[in-house]
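Protein chains in written order, with the UniProt record's numbering: chain A, 1 to 112; chain B, 1 to 171; chain C, 1 to 971; chain D, 1 to 119; chain E, 1 to 94; chain F, 1 to 533.
A few of these clues could be false.
To be verified - 27 Å max Cα-Cα, derived BS3-like pairs, lysine-lysine:
{"id": "1", "chain 1": "F", "residue 1": "LYS473", "chain 2": "C", "residue 2": "LYS27"}
{"id": "2", "chain 1": "C", "residue 1": "LYS448", "chain 2": "C", "residue 2": "LYS529"}
{"id": "3", "chain 1": "F", "residue 1": "LYS164", "chain 2": "C", "residue 2": "LYS571"}
Simulated from the structure, these hints should not be mistaken for lab results.
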Amino acid sequence: MEIILAIGIGILTASGVWLLLRPRTFQVIIGLGLLGYAVNLFIFAMGRLKAGAPPLVHPGKVDTSAYADPVPQALVLTAIVISFALTALYLVVLLTARGITGTDHVDGHEAE
Amino acid sequence: MIARISQRVFQQILPHPILSVALFMVWMLMSSPAGTGHATIALIVALLVPQVMRALEPDRVRVRSPLAIIRLLWRLFLDVLASNWNTARIVLGYRKRTRKAGFVNIQLECSNRYALACLAIIVTSTPGTTWVQYDRYSRVLLLHVLDLRDEDDWKAILHDRYESLLMEIFP
Amino acid sequence: MNQALLLLIPFATPFIAAIAASFLPTKARNAAATLASAASLIGVIALLCLYPVIASGQVARFAVEWLPTLDIAFRLRLDGFAWLFALIVQAIGALVVLYARYYMSPEDPVPRFFSFLMAFMGAMTGVVMSGDMIQLVLFWELTSFFSFLLIGYWNHSESAQNGARMALTVTALGGLCLLAGVVVLGRIVGSFDMDVVLASADLVKNSPLYLPALCLILMGALTKSAQFPFHFWLPRAMAAPTPVSAYLHSATMVKAGVFLLVRFWPVLAGTPEWGYIVGGAGMFTLLFGAWTAVFQNDLKGLLAYSTISHLGLITLLLGMGTPLALVAAIFHIVNHATFKASLFMAAGVIDHETGTRDLRKLSGLRKTMPYTAALAIVAAAAMAGVPLLNGFLSKEMFLAEALQAPEGRDFSLMVPILATVASALSVLYSVRFIHQVFFGPPATDLPKSPHEPPRWMRFPIELLVLICVVVGTIPALTIAPVLGFAVKSVLGDATPYYSLSIWHGFNLPLLMSFIALIGGTTAYVLFGKRINRADKAWIVGRFSGARAFERAMRWLNISAEWMVLQLGSKKQQWRIRVLVIAAILAGLVAAGFGGLGMKEAGITIQRPGIGFTLIWIVASVCALAAAWQAKYHRLAAVILMAGCGVVSALTFVWFSAPDLAVTQILVEIVTGVLLLLGLRWLPKRSVAMAPSKTDFASRRRRAMDIAIATLAGLGMAVMAFAVMTRPGGSHLSSFLLEESYPRGGGRNVVNVLLVDFRAFDTLGEITVLGIVALTIWALLRRFRPAEESRGITEQRRVQDRHDKQHEQRQSGDTLRETMLIPSVVMKWTFPFIILLALHLFLRGHDLPGGGFAAGVAMSVAFILQYMAEGARWVEERLRIRPLYWIGGGLLITTLTGMASWLFNYPFLTTYFQYGSLPWVEKVPLATAVIFDLGVALLVVGATVLMLTAIAHQSLRTAREIEPVKAPEEGV
Amino acid sequence: MLTAPAHMPDLPMWAAIAVTALCIFGALLALVGSIGLKTLKTMYERLHAPTMASTLAMATIVAAMIIYFSFAEGRLTLKPLLIAIFLTVTTPVTMTLLARASIYRDRVEGREGVPKDDM
Amino acid sequence: MTPAAIVYWGTGFAQVVLALSMLVSAWRILIGPRAQDRVLGLDTLYLNAMLLILVHCIRMSLTAYFEAALILAIIGFTSTVALAKFLMRGEVIE
Amino acid sequence: MTPSLLEHLTILPIILPLMAAAIMLLLKEQRYKTKATLSLAVCAAILGTALLLLQEASVGGSGGSDTARVYSLGNWAAPFGIVLVADRLSTLMLALIAVVGAAGLIFALARWDRAGPRFHALYLLLIMGVNGAVLTGDLFNLFVFFEVMLAASYGLLLHGSGEKRVRAGLGYVAINLTASLFFLIGVALVYGTVGALNMADLAARVPYIAAEDRALFEAGCAILGIAFLIKAAAWPLGLWLPGAYSAASAPVAAVFTLLSKVGVYVLLRLSMLMFHPDSGDSAGLGQSVLLVLGLATVIFGGAGVIAAQRLERVIGYAVMASSGTVLAIVGLGQANALGGALFYMTASTLASAALFLIAEILVRGEDRAAIGSDAFFDDEYTDPFEADDVEEVGRVMPRSLALLGAFFALAALVVASMPPLAGFIGKLGIFIGLLEGEGASLPASWWVIGILTFSSFATLLALVRFGIEGFWKRDESHALAVRSPEFVAIGGLIACCVWLTIAGGAALSYTEHTGDWLTRPGDYVAAVLKGRL
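Please put together the full structure from these sequences, using the hints given.
Structure, rendered in C-alpha cells:
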C-alpha cells in the first residue's frame, strides 16, 4: 500500500511541478491543484496508513493504536480549505490579468 | 370561512406538505439510528425548511392516486431489470450486427413539469433510452434509443406504460 | 560656569541655531544672519573662556551615556589641538556668516542656508571635540551630509546637484571606510574612548590588524581632505555659494581629514606604511594640485586646486612622521585657513561685483576696487609664502622638514627638490591670480560695472588678512602659545623644540623659498600668456579625476544592472524553477543524498491491494494527462484534475479519514464549478499556435523542466515512503485520542481537534477563506474581461438566434427547454441539501462532518439554484448577503472564543455538557458547536461570494455589451 | 488463508453469501457499464452505459449494504436507501443535460447521424 | 471460511472490479474524443467511486464513510451539471 | 483594564483586528468614517498592548530572569494545544508591527482607503495575520497565520487595481502559493518524524531524534527553511519582492516591509530553537546556507538598489538587503551580533516603510518614465566653472516639500545605515558584535562587514540620486499635495527612528538581551512546556 501511495504522490507532484513551470497561467493553476493533492496526501501519509480505523473513539478507555493518527487529518483538513481558497484567488487574479494584459502568460506579457 | 382560514394557516405552516413528509423521512433515515431526539429535530426541520422553499416559488406539487405511483414504481422496477439485462448484453457484444441505435421523436401529451420530470427520470433510469431534447411548443420529445428495433414500439411503450400513469398522478 | 557646560556650548549652540533658523520665514535675512552669527560668537566666547583650562595643558571632558552595551558614549573632549581647531571653526564661521549676509541675494531663502551652515558648524565642532571614535565618525558623516546640502543649496542648478552628489559620494564612502577602520581600531584597543585609544600606540602598532585599520582610516582622511586620487570632488563642490567654499573648502571640512591624521598621529604615525601612504599621497597631491591650479581660469577653481595642493602639503608633512613636521602641519592648518578663507571671500566679492570669475575676462580691478585689491594681494602673498606673512613661516618649516626627510632612501633628494618646485608653482598661481585680476588695463566686457563691496562684507576679509600679517610678523606673541599647547596635546612629552621666529639666518630653507619666489614669478613672466591660452592644464590636463569617477560610477551602475540581470530574472518561470530546484536541493542535501536510514528504521510494509493499485493508476494517468493537456484543452485538464481529486478522496476513505473524504469531495465539487466559471473568461487558445517555438532552446528548457519535475516527484515519493514505512504514532496523537471524549466532549477526534484542541487553526483558516472571498469580490468589481470573451458566449448567440428565427419561440427558450427537467430536480434538491448540511453540521462532533462540510454543502445548494435559474432569478428571490455571512461567522467564532473569558479561561476554551432534556436523549451541548456554527456561516458566505462574484460578471458584461449586435451570417 | 479481519461481525452464512453476491454482481454490472462507455461507438450510445451503474448496480450494492448492516448492527438499517433515492433522482439531470449539450454541439458543427431538427 | 471472511474477500473482489471500472472510465476521460465524452467519463468515475465507498463500508464494517458516498449521491451531480451547462451555454451561471 | 483581562493580553493583537474586521463586514461600504475610527482604535489598542508587553519583557533583564508569557488557547497545555508565546523577540516584532501598521493606516486614511472596497477589513486582517505569525508557538498554526497574512496581502497588493498591480500580483501569488506548499511539506515531514508541532516541544525533542529518522527530519526542516527564505526574500528565492512591493499602493507597501521580516523572524526563531549548539546532531543545521544566502542577498540587494530605475524598487531592494543582513548574522551564529542585527532590522523596517510612503507622494501625478530613468550619473559633469547661465539665487522650497525632504533624508540615512540615526547604531552593533570574542578571527566576519558596508554605500548612492530627482529637480508645476494624515504617518515613523537613536542605549540593550535570550532556548522551552514532557 505504502509503495503505491508513495508512487502516486510522486506522480502527482511531478505533474504538478511540470505544470507549475509552464508559461500559461491556466497550466499553473492546474499544477497548483495537482500539487495541492500531492501535498495533502503527503501530510496524510505522515500519519502512516491504517485501514478501517477512523479516529472515531468510543467512550471509555481508548486503545490509541487502534486508530489512525488524527493530527495529520486535522492538518490536511485545514490545508484543503486553504488551498481551495487560494486556488480560487489565483483563478480570479489570472482572469483579471488575462483581461487587463491581454495575455495568459505568467509574466503578464508574452515572452520575447 | 373558518375552513378557509385554517386552510391558509395550514398553507402558511406547511406550504409543501409532501416535501415536509419527505424531509421528515429523509432526516430520520439519515440520522438513523434515530430516537425521539432526532424525531424532534426532524419535525422542526420538516416544518422550517419548506419555508425556505417559498422563496424559490416552485410550482405546487399535487399528487393524486397513490396506487398509480406504486404501479408505476413496480413497472419501473421491472423495466430497469429488463433494460439492464438488454444493455449489458449489447455492451458485451451480443447482437452486434443486428443492433441499430438511433433517435426517436415522440409526441407527448402531458405538459405538467413534474410529470415530465418523472418521465425523464424513468426514461433515463432505464438503460437503453436517453432523454435528449424536449420542445415546449410542439411537445415533441427527442429520445435516443440504444436498441432501436421499431420506432412505434418505443412510442407505444412510453405512452402506454408511463405517460398515462403519470398523467394520472399529476393531473 | 562649569567646564562641562562651557564645553557643551560651542557644540550645541550651532545646532540650536540651525533648528531655530529653519523655522524663520524665508525672507528673514537679517534675523537668520543675526541668529547664526550670535550662535558662532557665543561659541567663540565659550571657547575663549576655556582658554585658561586648555592653556594649562588640561583636557576638558564631558560625557553622557549613550550606547552602554557597546561601550559607546557621547563624549566631548577638548584638548589643545581640538581647542585650536574648534576656534578656527567657530571664528571663521562667524566671519563667514557676516560675509554671507551680504553675499547672498535678497531673493535667496537664506534661513535655510544659515540653518545648514550652522548645522554644519555644529557637526564640525562635533568632529573636533569628539572624545569617542564612533562619535567622531558620526559627526564626520554629518559634515559630509550637511556639506552635501550646502553645496546643493542652489538645488535647481545641475552643477550644484552633481557637485553635491559627488562630494557626498566620495566623502561618505570615505566615512564608511573610516567607520570600519575605527571599529577595527576599537577592537584592537578594546575601547572607543579617545583617551584610551590615544594611549595605546604600541598596542596598535604591533597588532596584526594595524594595516587594515590604517588603510581604512586613511581612506576616510584622504577622501575628506581631497587628496589624490580623491581630490576631484573639491573643484566640483565649488558650485556651492562662495561663503560655503570659503568656510567648508578652505577652513573646515577639508581640514577634517588632516585633523583626523593629526588626531591619530600618536597612535598610527611613524611606521613605514604610514610614511609611504600618507607621504606619497601628500607629495603627489601637493604637486598635482599646484600644477593644475596654475592653469585654472576660474578664480574659485584656482583657489580650489590651490587648496588641494596645500592640503597635500599638510598631508606630506604629517606623512613625514617627525614631531617637527607635525608642528609645521598644525601651523599650516591655521595659516591656510586664514589666507584661503580670505581669498575665497575676496574671490566672492569680485564675482559679486563684476559678475564673473573668469581670470581671462578680469583685469585692472585695482582701479575700481583698490581696497579689495590690497587685501587680496596680501592674502595671495601669504599663500605664495612671501616673507612677513604667515604662509611664509609654515612654508619655511615645511621646506626645512623636507630637507630632513629620512636619509638613506633613494629619493631623499627628491623631497626637497619637489617641495621647492611646488612652492614655485604656488607662487606662480598666486602671481597669476593677482596680476590677471588687479593689474593690467581695466576690463571692458564685464557683466557688471565693478565697485567696492559694502563695508561689512569686506570686514571679514580685513580681519583675516590682518591675522595673516600679524601672525606673519609677530608669531611669537600671537600664535606661539596656542600652537604650543596644541602641539603638546598631540605629542605630549615628545614635543620637540621649535622656533617661530621670522629670521633663522641664511639657511637652505630660506634659499629654497627665494628660489621658489623668483622661479614662480619668472615663470609667470615667461609663460603667463601661454598659460592664459591653455584650455587645460598641460600634461595632467587630460587626466580628469571627475571623469574617472564618473566612469567608475557608470561601471558600477552597469555592472549592478548586469548583476541583477544575471543573478535574477524577470521571468516568473525562471523564479519558480529556482524555488523548486532550491527545495529539491535542500531536501537532497539535508537528507544526505538518500541516506534515509530505511534499513535501520525497520520497514513495515502493507501488501499493496489490487483495487488500491488500480485506482492509483487512474489518478496517475489523470495527473499525467492533465499535465499534458492543460495548455490547449483546459476543460479536459479540469476534468482530469477532478479525477485525481476523486482518487485522493478514495484514498482518504481507504485509510480511515472519513472527514477528509467528505471535505475533499465537497471542495472538489466547488472547485470544479469555480474553474468552469473562470473558464468562461479565458478565451480559447488555438492549437494553431502550438508549434510556434520548438527550437532547441525551448526543447532544452522542457527537458530541464521534465527533469526537475521528475526529481521533485521522486523526492516526494521517497520521503513519503520512508516515513510511511517506519513505526508511527506520536505522544500528541495518543493524548488527543485519549482525551478527546472525556475532555473534548466529542467522539470524532478530528472534529474535536478542529473545534477544540486546535480551534485556533480553524479560526485562522476560516479567516483566510473570508479574506480570499473578500479579495475576489473586490478584485472583480473592476473586472475587465479579455477582449475575446466580452459579450455573450458563442453558444448563447447561436441559441438565441435560433430562438429568434422561429416565430413562436422567445429568446432564451432553448435554455428554458434545456433546463426544464434539470431545474425541477435541482430546485427540489435544495431543501434536501439543506437537510444534508444540517445533518453534517449536527453530527460533526461525534461522526464525520462538521461545520466546514456543512457550509460547503449549503453553498452547493445555492450554486445549484444559480445554475438552474440564473443569477438574476435567484437573487430576486433569495436575498443572499454573503458579506454579512462572512462577518457574522467571524464574529460568532470570535465571540464564542471570548466567552470563555467570562469564566476566566483562555480564549477558545470550550465548555460541554451532555444535556439530557426530558424528551430528547443524550445530546452533546458544547460551545464548540456554536464555534462550528460560525465556521459554517462563514464558509457558506465565502463560497457563495466567490462563486457569485465570478458569476455576476456574466450579467455585467452582458449588460454592457448588449447593444452590440452579434454577427448575422453563418453558423 | 481466507480469514476475516477482527473487525468483521458474525452474520449468517446466507446473508454473507447474499451480501457478497450482490456486491460482486453490482460491481460487475458497473464494470460492464464502464466497458460500454469504452466500446460503444457514438456519444449517444455511450450515454446509456453508465446508467446501468447508477441503477441496478447501485441498487444491488445498496441492498447488500442494507442486509449487511442490518445484521451487523442488529436492526433494520435503511440508511443506504437514501443513496438509491437521491442517485435515481439526480442522475437523469446530468444525463439529459449532457445529451442536450452534445446534440447541440453536434448540430452546430454539422455532424452526421444527428437529427437535424432546426439548428 | 467464515461468513465474515466470505464477505471480506467478496467485497475485496468487488472493489477490484469497481476500480477496474474506474480505470475504464478514466480511459474515456483520457481519449475523449470530445468534451462531452470526458464529462460522461467523469460522471461515471464519480459513480464508481461512490459504489467503491459503499463496498468499502461493508468491507470495513464501518458506516463512517457512508456520508462521503451520500454526498456524492446528492450533490455529486453538481459538477457534471456545471460541465454540461458549460458545454451547452458557454457559461455556468447566467 | 481588569486584572483578568491583563492575562489575555497576549491574544488581543490577534483577535482585536479580527473582531473589528468582522464588524466592518457587517457595515455598509460607505461608512468610511466609522471604519476609519474603528481601525484607528484597534491599531491604537494593539500598539498599547504591544507596548505593555514590551515593558513587561524588558523588565526581565538579562540575568536569567527572562521568561516568556505563554497563553494556552482553549486551556490546552503546551504540546497538545496551540500556545501563543510572547517573549522578548515576539514582543519586539509585535511593537514594530503595531507602529508600522498604525502609520500605514493613518497614511491610508488620506485617500488610499477609498481606492478599493473593504480596505480596512483587509488591512486589519493583514495585521492580525502578522501578529499571529510572530506570536504563535506552534508550527502548523504558524502556517495558518502565514496564510492569513498572505491572503490579506494578496488582497491588499491588488487593492486599487490597475495593470501593474495585477501583473505583479500574478507572480506574487504564484510564488507564495508554491512557498506555502513547501511549508506544508516541511511541517508534514517534521511531524512525521518527530511527532510534534509545538516549537518548544520540537526543540526539546530534536536532540533525541533517532539517528535513522534524522535525515528525514532535516530534509523537512530544510524544505521548511526554503519556504521561509522565500518569504524572507533571500536571493535567489526572493526575486519577487521588489516587483511586488513596488507595485503595491504605498500604505500597503509600508506594511509589506513587515512581511519579509516575519520570514526572517521565523528563521531566526526556529534555527535558534531547534539547531542551537546543544541540540545534538542537528546543531547548526543550515547555518552556513543562511550565511551564504544572506550575504548573497545583501549583495544582490545592493546591486539592485543601484540598478533600479524607480524609487519604490530601490526601497524594495533595500528591504531585501536588510533581510539578507539579518539572515547572514543568524547564519554566522555570532550571538553577540544578534542584538545589533535585531536593532538594525527594527530601524530599517521603520525607515523603509517611511520611504515607501514618501515615494508614493513624490511620484504622485507624475510621469513615471521621467523619474529616475537616466543612468546613474547620466552624462558628463557640467563643470561648475563653465556653467555661466546658472542664476545664483536659491529657490524657495515649499514647506511641505522641505519637510518631506527632511523626512526623506532622515529615512534614507537610516536605510543606508549612515550616521547618526538608528540604522547606523544597528550596523555598528553588528560590527562590534562580530569582532568580539573569536569573531575577529573568522574570515566570514570580515566578509560580512565588507559587504554590509558596500550595501550601505550602494543604498546611500541610490537614495541620494532619487532624493535629488525628487526634491531638487522638482519644478514648480509639480507641487506636492500632501495631506496632514500623510505627514503624521511619515513623521511618526521618522520620529520612531529618531527616538531609537536617542534612546539607542535602552533599545540596543533590549535587543542585545533579546539576542542573549535567543541563545538560551532551554529557557524558552521550559517556559512553554512548564517542565512537562
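Each hint tested on the structure:
{"no.": "1", "hint": "F:LYS473 x C:LYS27", "verdict": "holds (22 Å)"}
{"no.": "2", "hint": "C:LYS448 x C:LYS529", "verdict": "holds (25 Å)"}
{"no.": "3", "hint": "F:LYS164 x C:LYS571", "verdict": "holds (15 Å)"}
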